[in-house]
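So the sequences go chain by chain: A and B.
Just so we're aligned: the first sequence equals residues 245 to 659 in our numbering.
Just so we're aligned: the second sequence equals residues 137 to 688 in our numbering.
Hints listed in this document are in silico derivations from the structure and should not be mistaken for laboratory results.
Each residue gets a CB set at the ideal place from its N, CA and C atoms; glycine is no exception.
Be a bit skeptical, because a hint or two may be false.
Said to hold, decoys possible - Calculated cross-link-like contacts (lysine to any residue; reagent style SDA-like; alpha-carbon spacing at most 20 Å):
no.	chain 1	residue 1	chain 2	residue 2
1	A	Lys603	B	Pro661
2	B	Lys580	B	Ser619
3	B	Lys585	B	Ser551
4	B	Lys504	A	Asn579
5	A	Lys632	B	Asp286
6	A	Lys570	B	Pro262
7	A	Lys659	A	Glu625
8	A	Lys603	B	Val564
9	B	Lys410	A	Glu625
10	B	Lys374	A	Asn579
11	A	Lys603	B	Gly565
12	B	Lys504	A	Ala325
13	A	Lys570	B	Ser551
14	A	Lys580	B	Asp286
15	B	Lys410	A	Asp322
16	A	Lys580	B	Thr310
17	B	Lys504	A	Asp631
18	B	Lys428	B	Lys504
19	B	Lys298	B	Asp260
20	B	Lys504	A	Gly323
21	B	Lys504	A	Lys637
22	B	Lys322	B	Asp344
23	A	Lys637	A	Glu369
24	A	Lys570	B	Thr310
25	A	Lys637	B	Val550
26	A	Lys580	B	Val550
27	B	Lys504	A	Glu625
28	A	Lys580	B	Asp260
29	B	Lys504	A	Pro604
Said to hold, decoys possible - If the Cβ cut is set under 7 Å, some of the chain A residues that face chain B in the computed set are:
no.	residue
30	Pro433
31	Pro434
32	Cys554
Listed below, chain by chain, are the residues.
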Amino acid sequence: MRTLAVRTLTFAALAALLAPSTARAAASDHADALGALGDVRAAVGEIVRIEDGYAVGHAAYVRAAHRAMNALVGRRDDGYARGYGDPGDGVGTLGHLDRMLDQRASFAWTPAIEGAKANVLAAAEDVQRALGEREMEAYQADLTQALANLALVVGRSSQEGVLGGVSGALGTTALGVPPGATSVAGCVPPAHAPAYGIVAGRLAYVALPRRVASDAIPEELSISRVVVRGDDVVLYTAAARNRALCGTKTAAVAKRVAGVSALRPVRVRGEVHHTRLVVAAASATVPMIPYTAAQAHAGKTVYVKSCLQCHGADLQGSAGPAVAGKDFLENAQRNKWHLSDLRTTVFTNMPFSNPGSLKPGEYADVMAFLLASNCYPAGSEPFPTADKPAFAKIAIVPQKNAKPSDAKLGTCTVK
Amino acid sequence: MSRSTTGAFVFVILTVALSAAVTPRSFAQGAWPMADTYRNADADAANWVLPARSYSGNRYVADAQITPDNVGTLKKAWSASIDARGPLETSPIVWNGTMYVTSSHNDVYALDAATGAQKWHFHDNPHVIAFSANRGVALANGKVYEATLDGRLIALDATTGKPVWNVVAAHDTTNTFYTMQPVPYKNMLLLGASNGDWGGIGYISAFDQATGKRLWDWYTVPGPGEPGHTSWSGDSWKRGGGAIWSGVAIDPATNTLYVDAGNPQPDFLGTIRKGANLYTNSMIALDIGGAKPKMKWYRQFIPHDTHDWDPAMPPVLFTGTVGGTPRKLVAAGDKGGNFFVLDAGTGAVVYHVAVSTQKGQNTEPSRKGNIACPNTNGGVEFNGSSYLKETNAFYVPSVDQCGRWTSPGTATYVSGQFYLGGAFPSIVGPSTGYMQALDIGTGKFLWRKHLAFPQIGGALSLGSGVVFTGGVNGDFAAYDAKSGNVLWHYATGMTIQAPPTTYTAGGKEYVVVAAGPAGVNFADPRMGQGAPTLEGRYKHPTRAAITAFVLP
Chain A
245 MRTLAVRTLT FAALAALLAP STARAAASDH ADALGALGDV RAAVGEIVRI EDGYAVGHAA
305 YVRAAHRAMN ALVGRRDDGY ARGYGDPGDG VGTLGHLDRM LDQRASFAWT PAIEGAKANV
365 LAAAEDVQRA LGEREMEAYQ ADLTQALANL ALVVGRSSQE GVLGGVSGAL GTTALGVPPG
425 ATSVAGCVPP AHAPAYGIVA GRLAYVALPR RVASDAIPEE LSISRVVVRG DDVVLYTAAA
485 RNRALCGTKT AAVAKRVAGV SALRPVRVRG EVHHTRLVVA AASATVPMIP YTAAQAHAGK
545 TVYVKSCLQC HGADLQGSAG PAVAGKDFLE NAQRNKWHLS DLRTTVFTNM PFSNPGSLKP
605 GEYADVMAFL LASNCYPAGS EPFPTADKPA FAKIAIVPQK NAKPSDAKLG TCTVK
Chain B
137 MSRSTTGAFV FVILTVALSA AVTPRSFAQG AWPMADTYRN ADADAANWVL PARSYSGNRY
197 VADAQITPDN VGTLKKAWSA SIDARGPLET SPIVWNGTMY VTSSHNDVYA LDAATGAQKW
257 HFHDNPHVIA FSANRGVALA NGKVYEATLD GRLIALDATT GKPVWNVVAA HDTTNTFYTM
317 QPVPYKNMLL LGASNGDWGG IGYISAFDQA TGKRLWDWYT VPGPGEPGHT SWSGDSWKRG
377 GGAIWSGVAI DPATNTLYVD AGNPQPDFLG TIRKGANLYT NSMIALDIGG AKPKMKWYRQ
437 FIPHDTHDWD PAMPPVLFTG TVGGTPRKLV AAGDKGGNFF VLDAGTGAVV YHVAVSTQKG
497 QNTEPSRKGN IACPNTNGGV EFNGSSYLKE TNAFYVPSVD QCGRWTSPGT ATYVSGQFYL
557 GGAFPSIVGP STGYMQALDI GTGKFLWRKH LAFPQIGGAL SLGSGVVFTG GVNGDFAAYD
617 AKSGNVLWHY ATGMTIQAPP TTYTAGGKEY VVVAAGPAGV NFADPRMGQG APTLEGRYKH
677 PTRAAITAFV LP
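Bound-form chain B, shown alone (with noise of 0.2 Å):
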């Protein structure tokens, strides 16, 4: 043995004891986020770790470097190409430089957040029962975790992207999917189901984040003996849909869950669901500090739902001034085009306002067929709206569209279908957007901007004063809070669906946004996304990317 070699075996083992003294320290300084991480989430400038940023559910930050006065200046950064077999709807997740990011086909991705470049790729192919979607990952232990179109729950190393655990999570895998972002709280991720349109029942599930092991889940639509039961007729309750699609927002004082489940099944045939459907088209506080969650209160949007009008938007959970007096309030918005103010505390109504037109609301879609408004992919969308502190004001993106519905009056269930007892709407007249901004003092519109497109990617305020949304033209723009003028726009070329996202690298903030294809639901004749051909020339006539914005 030379003497080189030991000297260097020498260093080896001083370099591991020397780790393991600084391990503790760097671990409680935040080798990965943790409870306290994820609790003061929204006075963490560098990072984004939970879906919507913190708990609350709210997209906003009061500390920031881009302002009215310099976000005209605004470059791209960098720009990372993303799997492009559907729409992105990425919520990315950044933690201490890398940005984990998902396609839609649950292919997982670990960026640079200063760069773009690509750490490591997950690569999954998972069998899409109707449409592919994915929302995001979560992160915590050292682990992304993922719920997939096949409806497993999947753990990743967050190092190396490498599978740790893969667990069958749905309870039916013919009828249900995952397209939420997992949330943890505490050692729990909580997981909602989509199975709203096929046959299900919704729920909420809680899974042990070092095991994937369920802890409990929560159904939206009562069973036999349970309170809200009766409301509805037969076992219409067996297939009442009630779906958990997006994101929630918890109060960690209280232990309380605001979640929305979504519409009643069959979707479009209220006949054979006599009663109000509870709890569908509601917002239910649960309180989750226990084994098993108790619900405190519920507010339903829209008894007896006949229209595919989801409560789409993630919960808002927050602070305004309600005429001169600061309350706890929390925000909802559906696809029915109706925006709710509630009370956190009781789900008493504060505030209720129209944010996209509505009519013909009333009327059960007939064999004949009827207009009503909005479409069912209108109103508020699933990527949210955001409240800004500084202006007492909520921004809130909409789609403004009109639909004809028509129902034969029957409903037939059929495994791995649609459960719908009618037809998804068909486009009537113009389909446009709005990009308004609700003065929580009064319940009245600060101002309101009518938008040639569909706005569904979801609301980002900064404390400065500015507030990023995109539109399905694939038009990312900045507006002023205070008057609603544009500041600053890039045009990606691509459709956008996925909500804003901001951190800092380097000491410098940087806004990112995903845009893909328009998908199942926002394919719009306007966008001319060329004429592809079947005969092997074929290329996908979109691509997908993460886009990052810097200040020069």
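Bound-form chain A, shown alone (with noise of 0.2 Å):
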């Protein structure tokens, strides 16, 4: 934004003086925003120069994936390799994204930044697992499922919520707004440009004097309607599109950003204070949960070995909690818990006197078994013994065909 440069300079002072904490607040979110693209840039930039490549030799590929691996995590994660450098600016995406969720207020560009969070970590994971592999093409298949993670990192400037990513982040909320600019009112047009329009922490426009250069227009806006009001330019954003935005129905908005499926309440001291939970998007078919009949049935004996004691023969718990049935299903809706949290738990902190000891194996198995348990339909392909982002996306539920052999419990018996 150089032509902009000199009267930002003089809007930082005026916003400076009227509000330091937020301007100094919203300034270091917004860089961490582009530090982090930096980042997921250079740590894609790593992975794509050694697969267009020719290099021979291990050594350049492991070299490869610890950069990417570096710029990802920075400096003060233990996952960073000394010794290979570091493509990135030290902080790493996730160091970037941490700094911004680590505070008090929620925004509404939350969702979109936790979303893009738990992207870099699938990605790291990738790339985790590309070090450790023999064979080159499993090592391909590895950065390339990292690659297609780190574009969901940086995801769309024209899209609001998690699906939007970073760029989403930017271009259609209140991070967009570099430090020390005008932000005003954003339903009605600015008095004045440069300006950015803001609306129940989203941005509705960018309000730019006319003869500006083309740089001067924030790299990560999208632009879905352009208006020219005499010596200046309107960029509308995407998050404009939404007319409810400066509707009559503006409160009922703040509920419907996209990807936050609720703001819960937390009451403290009387207080009421919300706290967003992110949700993932609903997928348009409900996947199948992959396990086979083979590993329930061998999950049964794990069960019975290292389970039952706790969550009973008849699996509605005994010290612990029921694990199948009615209890545990309107649990699992109560509560919105998706397969992934149940693997995690199940995985790592089960069982609860010895987390952990199990096999991976026995592991998928009483995940099978748990599932054949609630009524799931077997299938050909097996549960997994690693995670996958599309179990985040799995919601617990009842299954709609289902037949129970125990219609009081709700829950089906394994063979």
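The two chains are supplied separately, each in an independent frame; assemble them into the complex guided by the hints.
Structure follows, in structure tokens:
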């Protein structure tokens, strides 16, 4: 924004006078968002260069994966490999995103950044897996998956909510406002330019003087409509397409920001604080949960050995909670549990008296046994030992065509 | 109307008139425990009216029939079966020959204290969030009060077991439940919320004994603008933990409540909650004389805990002799293996002693994993320690285990699930325990016994010089307070996690302890609890019972 520099300086001073703390917080979040994008691009660059090149020998591939990992996780993370160099800025995508999320307030951009963080973690896992591969094909498959996940981190500037990624957050929310720039109420056209129109934390437009160079337009802005007003040009964003944003239903909009499923009240000393819960966007088709009948059968033995003592012979819980049937499924729905939540609990926290003590195959088998006991249909693909991003999107709900063997408890007997 | 009927009628009227005339007097003598009963509970050898006998929190009886000389002849008097769907941690309340106990799933039982015969049984079936546990009831005004696994506070008629009222007491029943035994104080019931590993903030509440109406809440994590708030980075305080799991001590003379707040959340990931994380892992002294509690002092035992090392031991208020001078002290113990003796007036540390193996405590759990001791279920556990005035010593059971912790470096809050930022540790190496006596005069061990099994049952000391405690292997033992020699023991065949209690019935002194299944925390492969099947023939591999012992 070279041309704007002089004017924004004046605005910066003004903004600092008016609301010093707000301006400071917003400024660092904006910088962190750009830093996160820079680091993602650096990681992608490393992966693409090695894939496109003609490197011979294992070392070059290991080096590329380490450098990509370094750019993603940053210098302060345990996963950072010294001695390989860092194509990013050292903070790492994760470091930037963590800084943005680690604060008292929640913002319109919080769901998008939380989603981006989940995708960075998934990508980091892919890169980590690539580092352990022996075959070139497997290495490439892992890094291809990493690239797909990183594409979601970058996201699209025209997309609001979780699917927008970091670009979407910059392009459609107040996060896109650069340090010191002027923010104005976004439901009315600006009196002066440059100015950023903000409604309910979302970026409705960017107004610029007509005679600015095109590089003054923020990189991550998606323009849905251009209006010329006298000496100024008003670039309306994707967020401005939402008519309810400036209509009479403004209050309701806050609750319907894409990706924010609910504003869950947390009662603290009588005041109600709102904590945002992110849910992944509902997928059009509910994918089938993979597991085989043979796994469920094997899982029954594991359950009897390691789980039954606390969760009971009828899976209704004794020292521990119920893990199948009506009580369990009602609770899962009430708490909006997804397959990934259950998987994490089983694989990392169970058995409670000695977590992590089973073999990965045994954990997968016991997951299959639990799915079968909850009347999920078996298929030909086994439940995997590694987590899958898709599992975060599969809600745990009662099966429509379930025929429980115990109608009262709502459980299915596993053969 | 025949003559005889008229006679009976006259007799009934006379009886009513008579009983009306004597009621105030008999009530004053104690139909039910009253304010004075609680305040002088330590002088009442017949009854046990508060969780740890008296407001001091010290399981100690000065006037005991059981002595080091006769304890060897102690015999089982009776045993009463209890619902076995979880471990028993109940601390019995005994009043006028009736004992009130609970099961882990909130069943309440009234038993004849002399015979174990059941007087009534209240059945409950609450939804279980994570694990089942209950530490017992409160008795006041003819009502038995219990706090449940689904966040309710219920009042039962103490004579019949019939529900009188039932209120939802927890603020967030998705993540909050109750395991604590409610404590009657003045017109209040004091009750802490168990929500320390699920994304809540700890609090202790006072409820009106008559109606269950909430009188106040005191939160363990300070909100914006309150002192201590800046010990949390960002908004990490909102899910900061600090649950109040275990018992409390009260000094009625100064209306001071001594309460411990548990570990911060996410349990194993400190990077997203930088700072000391007040008032987690702390003892807090609160003035509860007014309409709202006021903090007098706090002492944080482990700032920024990343290992779930709650101060699990209920505080014990006592007057000990330090360097020849009597001092009013309060003791605390945590799952990190620390035992603290503090000045009761200021919270200043008088002694700090390690009672379990300590290793790797300053390293936060990493992605690769690292080993630290004690394990999360190590150190001093929930049913506490006891001070014996006669030896000026503290008797502390402890767990000696090490664990391997891992943290992926992130924490995701999922409603109704653990909010850990890592995994509960897996046990590394042997799982053993200690029974030990700490000399308050010097801060050194008087004696220390290394035992094959974790010791989590809590200690009861008698003025005659006998100390009772029970282990995970179900062994209920009497120690000589001076030498540490085992004078008597009894194999219950179940896991002991509950504290011992004593009372008299028919002029005889009884000692009771609850035992049952191991539950989620202390399942031990060495216990060999059978190989049940899923196919209908299944029976619970373990049972649960209250067992009473008496001298012949």
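- Violated hints, by number in ascending order, as checked against the structure: Violated: hints 3, 4, 5, 9, 18, 21, 27, 28, 30, 31.
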